[in-house]
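**Student:** Residues per chain, in single letters:
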Amino acid sequence: MSTASVPLPAWINYGLIPVLNLILAFFFSGLVVWAIGESPFEALQLLLIGALGRGEGIGFTLFYTTSFIFTGLSVAVAIHAGLFNIGSEGQAYLGGLGAALVALAMDRYVPWYVTMPFAVIGAALFGAACAAIPAWLQAKRGSHIVITTIMFNFIVSSLMNYMLVRLLIVPGKMAPETRTFLPGGQLPKLDWLIAAFGGKIGAAPLNFSFLIALIMCFLVWVLIWRTKLGYEMRTLGISPTAASYAGIRYSKIVMITMLISGGLAGMMALNPVMGASARLQIEFVGGAGFVGIAVSLMGRNHPAGIILAALLFGILYQGGAELSFDMPGITRDMIVVIQGMVILFAGALEYMLRPSIVRLYQQLTGK
Amino acid sequence: MSLDSPKEPAIELVGIDKKFGTVHANKNINLTVAKGSIHGIIGENGAGKSTLMSILYGFYQADHGEIRISGKPVTIRDSQAAIAAGIGMVHQHFMLVENFTVLENVMLGAEGGQLLAKGVASARKELKRLEDDYGLEVDPDAVIEELPVGSQQRVEILKALYRGAEILILDEPTGVLTPPEADHLFKVLRVLRDQGKTIILITHKLREIMAITDTVSVMRRGEMVATRKTAETTVEELAELMVGRRVLLRVEKGAANPGAVLMSVRNLTVKDSRGVTMVDNVSFDVRAGEIVGIAGVAGNGQSELLEAIAGIRKPSSGEILIGGKPAAGIDPAGLRDLGLAHIPEDRHHMGLVLKFEEYENSILGYHRDPRYGRGPLLDLDAMRKDAEEKIGKYDIRPPNPRLRTANFSGGNQQKIVVAREIERDPKMLIIGQPTRGVDIGAIEFIHKRIIEMRDAGKAVLLVSVELDEIRSLSDRILVMFAGKIVGEKSSEAGEQTLGLMMAGIAA
Chain A
1 MSTASVPLPA
11 WINYGLIPVL
21 NLILAFFFSG
31 LVVWAIGESP
41 FEALQLLLIG
51 ALGRGEGIGF
61 TLFYTTSFIF
71 TGLSVAVAIH
81 AGLFNIGSEG
91 QAYLGGLGAA
101 LVALAMDRYV
111 PWYVTMPFAV
121 IGAALFGAAC
131 AAIPAWLQAK
141 RGSHIVITTI
151 MFNFIVSSLM
161 NYMLVRLLIV
171 PGKMAPETRT
181 FLPGGQLPKL
191 DWLIAAFGGK
201 IGAAPLNFSF
211 LIALIMCFLV
221 WVLIWRTKLG
231 YEMRTLGISP
241 TAASYAGIRY
251 SKIVMITMLI
261 SGGLAGMMAL
271 NPVMGASARL
281 QIEFVGGAGF
291 VGIAVSLMGR
301 NHPAGIILAA
311 LLFGILYQGG
321 AELSFDMPGI
331 TRDMIVVIQG
341 MVILFAGALE
351 YMLRPSIVRL
361 YQQLTGK
Chain B
1001 MSLDSPKEPA
1011 IELVGIDKKF
1021 GTVHANKNIN
1031 LTVAKGSIHG
1041 IIGENGAGKS
1051 TLMSILYGFY
1061 QADHGEIRIS
1071 GKPVTIRDSQ
1081 AAIAAGIGMV
1091 HQHFMLVENF
1101 TVLENVMLGA
1111 EGGQLLAKGV
1121 ASARKELKRL
1131 EDDYGLEVDP
1141 DAVIEELPVG
1151 SQQRVEILKA
1161 LYRGAEILIL
1171 DEPTGVLTPP
1181 EADHLFKVLR
1191 VLRDQGKTII
1201 LITHKLREIM
1211 AITDTVSVMR
1221 RGEMVATRKT
1231 AETTVEELAE
1241 LMVGRRVLLR
1251 VEKGAANPGA
1261 VLMSVRNLTV
1271 KDSRGVTMVD
1281 NVSFDVRAGE
1291 IVGIAGVAGN
1301 GQSELLEAIA
1311 GIRKPSSGEI
1321 LIGGKPAAGI
1331 DPAGLRDLGL
1341 AHIPEDRHHM
1351 GLVLKFEEYE
1361 NSILGYHRDP
1371 RYGRGPLLDL
1381 DAMRKDAEEK
1391 IGKYDIRPPN
1401 PRLRTANFSG
1411 GNQQKIVVAR
1421 EIERDPKMLI
1431 IGQPTRGVDI
1441 GAIEFIHKRI
1451 IEMRDAGKAV
1461 LLVSVELDEI
1471 RSLSDRILVM
1481 FAGKIVGEKS
1491 SEAGEQTLGL
1501 MMAGIAA
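Residue numbers (the numbering used here), protein chains in the order written: chain A, 1 to 367; chain B, 1001 to 1507.
Rather than coming from a laboratory, the hints here were simulated on the basis of the structure. Note that beta-carbon positions come from the ideal geometry of N, C-alpha and C, so glycine has one too. It is possible that part of the hints are untrue.
Some chain B residues judged to face chain A by a derived CB distance under 8 Å, without partners named [unchecked claim]:
no.: 1; residue: Ile1312
no.: 2; residue: Asp1331
no.: 3; residue: Pro1332
no.: 4; residue: Pro1376
no.: 5; residue: Leu1378
Extracted from the complex, chain A is given alone in its bound form:
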């Protein structure tokens, strides 16, 4: 019997092991910082203060967190059905087109709260559409979803270049972006949320989509653990043969799952497009789709874990940006190294510490 199958209490599985992994990640990042001649403790302090020290920093941290929650949920939903969706990046990008078209069409006529539900639907529909073709190819033709979703990231990227450079650009301007949405096409800032904790939001772009992200976390939890569809998805994800025995149709579940996954990725666009910059810009996703994979892995594909993991990456993004600003020796690339360490230890090396912890646990409990 391998140690992987020994059941551990939840507090070890979901608490101790991730925390130990995180400590290891910071330890090795610290070594790197020390190697280039900076103080690791000072760096850590600057990073935490930058991310959580002031209301504005918290606002930025939660802004990044919002994007990562959406993409993390997108990856997690697919994983529960046994599908590895690498295409959240492209799905979010295309989702931005959906959100922007709604905002451009409605912002002159109605207030934001009327535009918002349509924008949510528009972003989700475009994201889902981007996932639909890979899903169909997997369901009906057996083309591997990992390959097809990666390829769709490139297709969407080219398509959006064309859209922004040729069609949506404001005539006479150089920047490949749409016009700025009027307030009717913008999501309001959550200054009251930061103010409630006694801070000032300042220039931070934290906006209403953070609340939409939290609602989606709850809905995903209900979907996976409290609905018949979620039951079928989990059955298929763990055991495709048991699913076929139970009369669960493979192609149907693959299609539905990927549409939901793509839809969640598409909603991520609400945050930067309608919340932060109030226009559709080129390459606005900026890697959040790929971070979503790490967030989902770290969060054990559970919405509660995804919120925590997204928050961690939000802190790393915001704190890292402040750090590279304050410490001349640490460049933007160093921050990527640190983020890579966290992904490596917390996501990929999940089973590194586990065997020794299992043995220790067995000795301590005398079993």
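With chain A held as given, fit chain B onto it using these hints.
**Tutor:** Okay, now just chain B, sitting in the frame of chain A:
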């Protein structure tokens, strides 16, 4: 060890102890196997037989205890060390390279140098000698995948002998063999014994123990509970030692009272994913109130037949009628609505999702039923209550619906599946290998439930590779060979007759 003992021991295990986490797999095991004897080890699944043999073959290390080979203490860290100590193992699932020849497989890992030519020549000579000495005739240039299963097993034995094995461990060697092939194997084993080799035979089939062994040891729950001279014991005594209580080896049932035809198969042909015909133009009926058994060696199309009837595999031609309605092309969910329940052959991959909690598995396939939640939602309370009822009625242990299914024993896992399918009160029941990997106590229980279904007027189709099971449960027996039904017999048909039909020899 006394000097005047007739045969010196080939193997002595002294105080072997092994724990896996909370599971005490081997408790202070002492075992002495005499040189030049056939020693049987029997026990139910999970009794610790495989663990003990894995320790002897170096897959696991014992926590405590000593292994002595020919009187000398040895440490066996891996299978290389076991081979060096003269121990050879024939696994239940063969470890052969399918597209290599017999000679290549025998040489594998013992090629003797960087260039093959010299090694091949000497290996060929050695193989010839072994074949002649022990009567193990196999063509050295035949490709493994083209050989029948019985011959593949002989190659495994040759492989062990080629590496100088003096002690051979055979793990459930007859599971994949037809009765004539098994007889041939036993003949080979006797020759090996007479030439001075020591053989350990692990099995759960009591009849084989009686037929071939000199001594037999019984394991129960990690302990070695008894060792007997085979000539001085009986099947009944061994069964009782295995289970720890008296067991009924034969199922009690009254005469069948067949009614209307509920399930018909007409000219059914099924191909596997490679396009090979697995079920070849098969036709039969199953009536209400009878059990029709399908006997056959594993791999002769029974699995594909079951999957086609259950709607999992699409037939390439022919008809399936369920309650008189054409059913080929209806999916498993639709067939359940028509009253067809299915206990699949493979509970680990099909009948259960092992990572699910028990109560989640107790609705698999019936999860759309409104009693488990209205609309799109699941009603967890209703699911758990339902699971608890089944746990009580079928004595599933431990009685905890929140436990992961993988943590139940094989017998209890099978009871979860049986409870789920039978408690829906279906009209028709198709069953594959109802008691594979299930302990004797649970076998008795499951057999009784199947008979009850028959007596309640259900149509039951039973597939099993255990001929005893088919003979004791079925009212009619169909024999399947190479995808065809080669004959029908009553349940009184002799084992010999059925065995020959299963081997495709007599119709």
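**Student:** Indicate, hint by hint, whether the structure satisfies it.
**Tutor:** Evaluated hints:
1. With its C-beta approaching chain A no nearer than about 5 Å, Ile1312 (chain B) sits inside the 8 Å limit, and its interface hint holds.
2. Annotation: Asp1331 (chain B) was flagged as interfacial toward chain A, and the flag holds, the nearest CB pair being 5 Å apart, inside 8 Å.
3. For Pro1332 (chain B), the interface hint holds, since its Cβ comes within 8 Å of a Cβ in chain A; the closest pair sits about 4 Å apart.
4. Taking 8 Å as the C-beta cut-off, the interface hint given for Pro1376 (chain B) holds, the closest approach to chain A being about 5 Å.
5. Checking Leu1378 (chain B) against chain A: minimum C-beta separation of about 6 Å stays under 8 Å; hint holds.
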